[in-house]
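In order, the protein sequence lines correspond to chains A, B, C and D.
Each residue of the first sequence is one higher than the one before, starting from 6 at the first, in this note's numbering.
Each residue of the second sequence is one higher than the one before, starting from 745 at the first, in this note's numbering.
Each residue of the third sequence is one higher than the one before, starting from 254 at the first, in this note's numbering.
Each residue of the fourth sequence is one higher than the one before, starting from 133 at the first, in this note's numbering.
Hints were generated in silico from the structure; no laboratory data involved.
For every residue, glycine included, the Cβ atom is placed at its ideal position computed from N, Cα and C.
Wrong hints could be hidden among the right ones.
To be verified - Straight-line alpha carbon distances no greater than 25 Å define the calculated BS3-like cross-link-like pairs of lysine-lysine that follow:
1. B/K1056 / B/K900
2. B/K836 / C/K307
3. B/K780 / B/K811
4. C/K556 / B/K1083
5. B/K934 / C/K431
6. C/K556 / D/K538
7. B/K811 / C/K307
8. B/K813 / B/K1029
9. A/K34 / A/K206
10. B/K836 / B/K857
11. A/K34 / A/K204
12. B/K813 / B/K836
13. B/K1033 / B/K856
14. B/K1065 / B/K934
15. A/K506 / A/K492
16. C/K431 / B/K927
17. D/K538 / D/K321
18. A/K204 / A/K252
19. C/K307 / B/K780
20. B/K960 / B/K900
21. B/K780 / B/K900
22. B/K1029 / B/K982
23. D/K538 / A/K348
24. D/K321 / A/K13
25. B/K1060 / B/K1083
26. B/K856 / B/K780
27. B/K813 / C/K307
28. C/K556 / D/K321
Claimed, not checked - Examples of chain B residues toward chain D, derived with CB under 8 Å:
29. D792
30. K977
31. V1062
Unchecked claim - Per label pair, the in silico range of CB-to-CB distance:
32. A/F19 / D/F423: 32 to 38 Å
33. D/F423 / C/G302: 39 to 45 Å
34. B/K857 / A/A381: 55 to 61 Å
35. D/A158 / B/G983: 41 to 47 Å
36. C/G302 / B/R999: 21 to 27 Å
37. D/A530 / A/K206: 35 to 41 Å
38. C/P433 / A/A381: 50 to 56 Å
39. D/A530 / A/E121: 24 to 30 Å
40. C/V541 / D/A530: 33 to 39 Å
Read off the chains here:
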Amino acid sequence: MALALEMKGITKRFPGVLANDHISFQLEKGEIHCLLGENGAGKTTLMNILYGLYRPDEGQIFLDSREAHIRSPHDAIAQGIGMVHQHFMLIPVMTVAENVILGMEITHRGVLDRSEAARRIREFSHQYGLDVDPTAYVKDLPVGLQQRGEIVKALYRGADVLILDEPTAVLTPQESEELFRIMRSLAGQGKSIIFITHKLKEVFAVADRITVLRDGRVAGVTTPKEATEARLAAMMVGREVILSVEKKPAQMGDVVLKVEDLQVRDDRGYMAVDGISLEVHAGGILGIAGVQGNGQTELVEALTGLRPVAGGKVVILGDDVTADRPREIIEQGVAHIPEDRHKHGLVLSFPLADNLVLSTYYRPPFAYGVAINNDAIDENGRRLIAEFDVRTPSVYSLAGTLSGGNQQKLIVAREFSRPIKLLIAAQPTRGLDVGSTEFIHQRLVQRRDAGCAVLLVSVELDEIMSLSDRIAVIYRGKIIGSMPADKATPEMLGLLMAGIKETEGSAGDRSDR
Amino acid sequence: GPTPTPVPPTKPPVAATATPVPPTKAPEPTKPAALKVGLVTDVGKVNDGTFNEFAYKGMMRAVDEFKLKSAFIETLAPTDYEKNISQFAEEKYDVIITVGFMIGDATAAMAKKYPTIKFAIVDFAYAPPIPNVMGLVFTEDQSGYLAGALAGLMTKSNVIGIVCGKEIPPVVKFRKGYENGAKSVNPNVKVLGVYIDSFTAPDKGKEAALSQIAEKADVIFGAGGPTGSGGIKAAAEKGVWVIGVDQDEYFTTFRDKKPGYDKLVSSAMKRVDVAVYTAIANAVKGTFKGGTAVFDATNDGVGLAPFHDAEKNIPKAVQDKLAEIAKGMKEGKITTGVKL
Amino acid sequence: MTAEAGKHRGIPWRKWVAAWSQRVSDLAIPFLAVFTALAIGAVVIWASGASVPKAYQGLFEGALGSPRGIAETLVIATPYTLAGLAVALGFRCGLFNIGAEGQFYLGALFAVWVGYSVKGLPIFVHLPLAILVGALGGALWGAIPGFLKARLGTHEVINTIMMNYIAVLMVDWLVNRKGPMWDSTSTVPRTPYILPTATLPQLVPPYRLHAGLLIAIAAVFVVYWLLWKTTLGFEIRAVGANPSAAKYAGMSVTRNFVLAMTFSGVLAGLAGAGEVLGLNRTLPAAFVSGYGFDSIAIALLAKSHPLFVPFAAILWAILRNGAGLMQIRAGISVDLISIVQALVIAFVAADEIIRWLYRIGKKEEIKEVVFTRGWGR
Amino acid sequence: MRLTRPKVLGITFLVLGILLSLYSAARIDPAQRTTLGVGTLGTRDVPAQASLVLIGLITSLSGILALFDRLRRALAPTLVTVALLDMLALMIWAARGSSVDLVGMLAASLRMATPIALGSLAGIWCERSGVINIGIEGMMLAAAAFGFAVNLYLSQWLGPRAIWIGLLAAVLTGGLMAFFHAVLSIRFKTDQIISGTAINILAVGASGFLRRAYLVKAYFVGEILPIVNVPLLADIPILGAIFFQNRPIVYMMLILVVLTNFILFFTAWGLRTRAVGEHPLAADTVGIDVFKTRYVNVVIGGLMAGLAGGWFSLETVGSFEDLMTGGKGFIALAAMIFGNWTPYGAFMGALLFGFAEALEIKLQILDAPIPHQFLTMVPYFATMVVLAGLIGRTVPPAADGRPYEKQ
Ligand SMILES: Nc1ncnc2c1ncn2[C@@H]1O[C@H](COP(=O)(O)OP(=O)(O)OP(=O)(O)O)[C@@H](O)[C@H]1O
Ligand SMILES: Nc1ncnc2c1ncn2[C@@H]1O[C@H](COP(=O)(O)OP(=O)(O)OP(=O)(O)O)[C@@H](O)[C@H]1O
Ligand SMILES: [Mg+2]
Ligand SMILES: [Mg+2]
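With the hints as constraints, model all of the structure from the sequences given.
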């Protein structure tokens, strides 16, 4: 088969990090090529080089066997490379259509032709089964739909080589299946796809070939036929990984979190959480499954005091905390792994050490009275970085310089570093590699076994099913069904997530919302 | 004090830039070393179109005439007054001119500290006098009174206007004099007035003048440096009578017969330049005395500039009446009634 | 140097040496920037027909050439330092306080009021009281925009600009002729003189240098301590860098906005109080200061770091103080000083130009903290 | 009852209205009338007391409606209208027993809003592409000085025509200053506020130096741009006198407001500009040259600031004074933020300032018994109140002020 693309000896250094170390990579025409690797292995960096966002320090790129000089995304697009980025490259205050046509605008006598653009996008997205409303503002869309917008954007530019950097991190299983179908059909049309993921199951579902990176180097190239999940995991991490979560039966205690008929409005004023009641017990994990954008964000923000409550009651350990501020809630012993780590989780321009005491800086040993004890903060940082295996040059590095996975570990390290009675974890392993996911899962279970109540909100069915003791499904701001975890099957949950109650049979309408 | 030659107020032989008013003869040729003269401005610059500039011009005239050495410091903030004065003192200057009533306290303090240096201050008088300070004060109200009388006589609508700069004593005196002068000749006249919080905002001065014209004013007096000049320039172009301030604006704002030049009926003069020149000249001649030198109608320190090209449109009766008032003022029979 | 930089302790000695030589050339940059700005200024002076050596000799002699010159430089550096700290503190909380000028005015107004109207107190009560009330005035003028931002989300840039004008006009009304605070025994529109018991003592008579300098020096360390050694500073910096994360971590964004603006106002207010209690001893109408606007430049030059603020302030003070003798010697306009100042700012900020001019290697360093957050979000 | 923004406004209007009515009923002589000048339509006489009481009642009514949530979407327009009525009341009160020229005042408002509006457009062009511009004041000042200088020198040979070249020079000076800002903030990634501050200081120095060295010696007072009556439109009653009997820069400003809005929101360039200002990395990933886009927009903004500078020295005054822009550049920034970074909004903000300035002058002329300092405060105070009361939080472009870095 002909090579669509070849990268030879690519090296890229960042201050203090060798992100890509003489990487060579080959992509054949019409193949779906999975790129695997731990967090920080250098996958995104390599793809950014291919897409012209970064300049390599060394190495060459060949397209159709000719050396290509890709100095900017403009060049990359011109040469038929499209990329869906790990962190969305959409402009929230613009519509989907504007985002898609940006840079390749449709104009009529110099005036933007928005209706024509919308029409074309509708037609186009229909063709690939990527339905998304072109006139919707991106900021109003759930992440899953934003993802679709991103793919439409890349395809709209006529990409022959499509790079998908962790596109499934925010998708439901059904949406992921949908995406795989699209990918296969694109590959069938002769497009070549580079697909980055941390979910090994997906690799086996779609990959033609697999390249594994470790520490900025190629750890090996293989195919799904030759590999097993365990082998791939070992290749990535450099050791054996336990892929399934081992957990003892729950020792349920008293109710820690009690939510009664909670109502919360979203930023636009709509009732995003519309009468939710639930209970989380000490020593148990309640998993909230659901498609992104069904009120999970607002629910979690209301529980943690970040968003005002429109109605109902939140009780933690017998205290009514409905109107409390975040600080008061934190001091009740609540930990929160936020869904948006850049917005809420970290102060990117602060050193790691400071980020690790973001909610405890005012208490001994980090501060006595008003005086801060920087030595204690640094020491705490060193300890947690070692304990949680955060890859960084030092505790003084700025949080913004870490890879996504390492940033997530940083947050988990912080939230687990103080005595907690309730843990609210929103998408705790989004974007994490297998090793880190394993690690975080173990820690979650450990906490539960130590008597902590855990509210786990995730769009990953696997995660929900393997960790939860009880599962509730959220749909359009309501809990549409709940069951003990051992009674749940992926099919049942999938239907509920789509808004179909078993009692209603199969006639209900399927919706992405 | 100085003793300028008297001249008829309506026709002073005063060409705006070169005015040989003071009674000084040529410098004595045997002078050993040239005097060093320093000027400290009020907050502002030596070319800002306000009394800072006129003081500077007066100094430069003396400098040229007597072959002196000179320098200036442009003050940036009121807290710098003392510092700037002492800068000159430390540099062994013989005469230090300070400009503006705001600098009065600092000048007094420095004069006491450096008793051998001669000081002259524009717009400030000390009671009791300080031996080495000459206060140069003006009766702006007289100048304003004459302008007001002229306006009061010229107006057809019985509405006249004045565009002032900042509300500081000299400006207030101009304004009150203007109002009283107008009322004295025309009891029915209505005077519209505006203070504008800057001397260098001609755009605002212009709008103020236009706004007054819209309320039927047909004579506008611009009493606030470039701000006022902006006002009268726009007003003159609109075809109403205007009166300038400080210097004869026929030679500045309307120089080279700029549009509206024939609408400038006169300017209410306040010869800061003459005063400063006189003070320096006295120092050169060794006649410098501490105390207060009042520049008023009797010595032509204030008064009206010639009518220039507007003269043909100023009725004889008006000219006569004005001359009469000026004469009365000189003789001390007419007072402006302005008290601050 | 900075708290962040000071933390690079654990690095091996080779890197350490490299870091230090880097640091030395980094330190050279501000000096080279000043030098280059003066060189360009020289061209301007020359083009205008004045004497360059006379001008610059005057500039430096005036600012540093005599005990009096040095004292006067410090006199000017005092309010510059305080007002610069005010702006820097705002920046650290993500707030752009263009209102130091107004807060300065209010500080002066309140201080002078206590200074002349409260009678019969001993100096050790009266003086601190006047200073405190001055600080309070500034605090008030800072807290209002802080509060409006926190409660209603209205932009502090607009509100502080507006409040500058309001402060100036209000003072003008109060102290102008016939105003409530006018000293009617004087022809000059100003307040009565403050009593001797409210006067900041001179530090080295006969020079005008006054005890305000000590306040400024103390403020530098207090602000440094506040920002990096206290929990409040931690909060202010966190809110400044990422308000959402700060809120998530349990800090009150609104409280920090108000507090930071209040402290900022206190500092600017102290600057104003110092000027009237130490120098002017009265508040005249038309008390143009310009310190508020210069302080923005100073804060920026100091990269919003409190320990650098005094150096930037002294540089500005040298230029402003030396301007007097420069004018005497060379007769050029004070505007030259502005040109040099602008160039210094540009060169220090765009240090790449200087690095390129003098062939200084580029620093291999992690991305710097953003010091100003513009309009903030 | 929760104290929401409309409720607070409602209470304020209610109380204000009642006070106004009571005061007028008690203190104003029923016989006094006020003559309102309405341009070519002549004048209208209104009874002062009755008008004021009526306006007071209308104000209270609007307050009550706001209080009971009856206005909802019409809240802002209604309250603005009522506030304008209250302004009218202020003038009726100040001019009772005499007359006031309303149309002339509105025309003056537009004139005085011109440099502010142009300055805020300059800000919008820059900031929509992600470059903060607090150097507008400096750009305006430098442009005023250089435009005037060019006019001064060329008029020796070209006579009155030189002013148009002077205007071009002013515009280009603004562009040049902006280019300097762009180089510092885009190429050298200087903090944009630092760069803007440097420009402001530089402009003060350079224009002052230029004035000292070359402009004042000549004692030159130049021509100003002529009044151009728009055919037909100029004769429309009231509107003609306000909008269509102006000097060129006023028209240019009006056109540029519309044009800027059109380009920003209806063209490809505008879309790209906004993308670069919101999310430069995203723009880069679709092949938009972030740097080029920013350079061009910043310079375009500078050209507008230059035009605003020309308004001072070439359209309005015909001379150049130190610091003659008098802080209008900062007011323009406020107008820009006020208008939430949109051209029409900023224009409204500029009009508010222009109107308040005209009002201040008018009230002084009418001898309103209020110290003039307070009258001068009106626009500043009004801005704060309107912002807090009606507009609230404004949202800048997301990447405003952040240099874009490529690896
Ligand atoms: N802009 C940057 N500046 C400095 N370091 C960077 C930058 N981008 C990436 N790095 C570093 O380069 C290394 C590789 O990062 P990269 O994002 O390519 O990892 P990744 O394999 O995509 O990880 P993940 O699975 O978490 O997305 C990491 O150590 C990261 O910290
Ligand atoms: N993410 C943010 N970015 C910028 N400004 C913010 C942000 N969050 C809050 N603010 C500012 O704080 C103001 C109040 O916001 P909010 O009520 O969410 O804060 P808070 O900390 O919950 O207040 P409180 O302490 O009173 O509960 C807003 O109007 C805004 O100016
Ligand atoms: Mg990645
Ligand atoms: Mg809150």
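These are the hints, each one checked on the structure:
1. B/K1056 / B/K900: 17 Å, holds
2. B/K836 / C/K307: Holds, at roughly 17 Å.
3. B/K780 / B/K811: 10 Å, holds
4. C/K556 / B/K1083: Status violated; Cα separation ~53 Å.
5. B/K934 / C/K431: Judged against 25 Å, a Cα distance of about 24 Å means the pair holds.
6. C/K556 / D/K538: 23 Å, holds
7. B/K811 / C/K307: Distance of about 21 Å is within 25 Å: holds.
8. B/K813 / B/K1029: Satisfied, since the Cα-Cα distance of roughly 15 Å is no more than 25 Å.
9. A/K34 / A/K206: 23 Å, holds
10. B/K836 / B/K857: Holds, at roughly 13 Å.
11. A/K34 / A/K204: Given pair A/K34, A/K204 holds - Cα atoms ~24 Å apart, limit 25 Å.
12. B/K813 / B/K836: 12 Å, holds
13. B/K1033 / B/K856: 15 Å, holds
14. B/K1065 / B/K934: Judged against 25 Å, a Cα distance of about 20 Å means the pair holds.
15. A/K506 / A/K492: 15 Å, holds
16. C/K431 / B/K927: 24 Å, holds
17. D/K538 / D/K321: Status holds; Cα separation ~11 Å.
18. A/K204 / A/K252: 21 Å, holds
19. C/K307 / B/K780: This hinted pair holds, its Cα atoms lying about 17 Å apart.
20. B/K960 / B/K900: 10 Å, holds
21. B/K780 / B/K900: 52 Å, violated
22. B/K1029 / B/K982: Violated - the C-alpha atoms of B/K982 and B/K1029 are around 49 Å apart, more than 25 Å.
23. D/K538 / A/K348: The given pair, whose Cα atoms are some 22 Å apart, holds under the 25 Å limit.
24. D/K321 / A/K13: 33 Å, violated
25. B/K1060 / B/K1083: 32 Å, violated
26. B/K856 / B/K780: 19 Å, holds
27. B/K813 / C/K307: Between B/K813 and C/K307 the Cα gap is close to 15 Å, so the pair holds against 25 Å.
28. C/K556 / D/K321: 14 Å, holds
29. D792: Nearest chain D Cβ about 6 Å off; hint holds.
30. K977: 7 Å, holds
31. V1062: It is violated, given that the least Cβ distance between B/V1062 and chain D is near 25 Å, above 8 Å.
32. A/F19 / D/F423: 32 to 38 Å: 22 Å, violated
33. D/F423 / C/G302: 39 to 45 Å: 40 Å, holds
34. B/K857 / A/A381: 55 to 61 Å: 58 Å, holds
35. D/A158 / B/G983: 41 to 47 Å: 44 Å, holds
36. C/G302 / B/R999: 21 to 27 Å: 25 Å, holds
37. D/A530 / A/K206: 35 to 41 Å: At 36 Å between Cβs, range holds.
38. C/P433 / A/A381: 50 to 56 Å: 54 Å, holds
39. D/A530 / A/E121: 24 to 30 Å: Given range 24 to 30 Å: holds, Cβ gap about 27 Å.
40. C/V541 / D/A530: 33 to 39 Å: 38 Å, holds
In summary, the structure is inconsistent with hints 4, 21, 22, 24, 25, 31 and 32 from the numbered list given earlier, while agreeing with the others.
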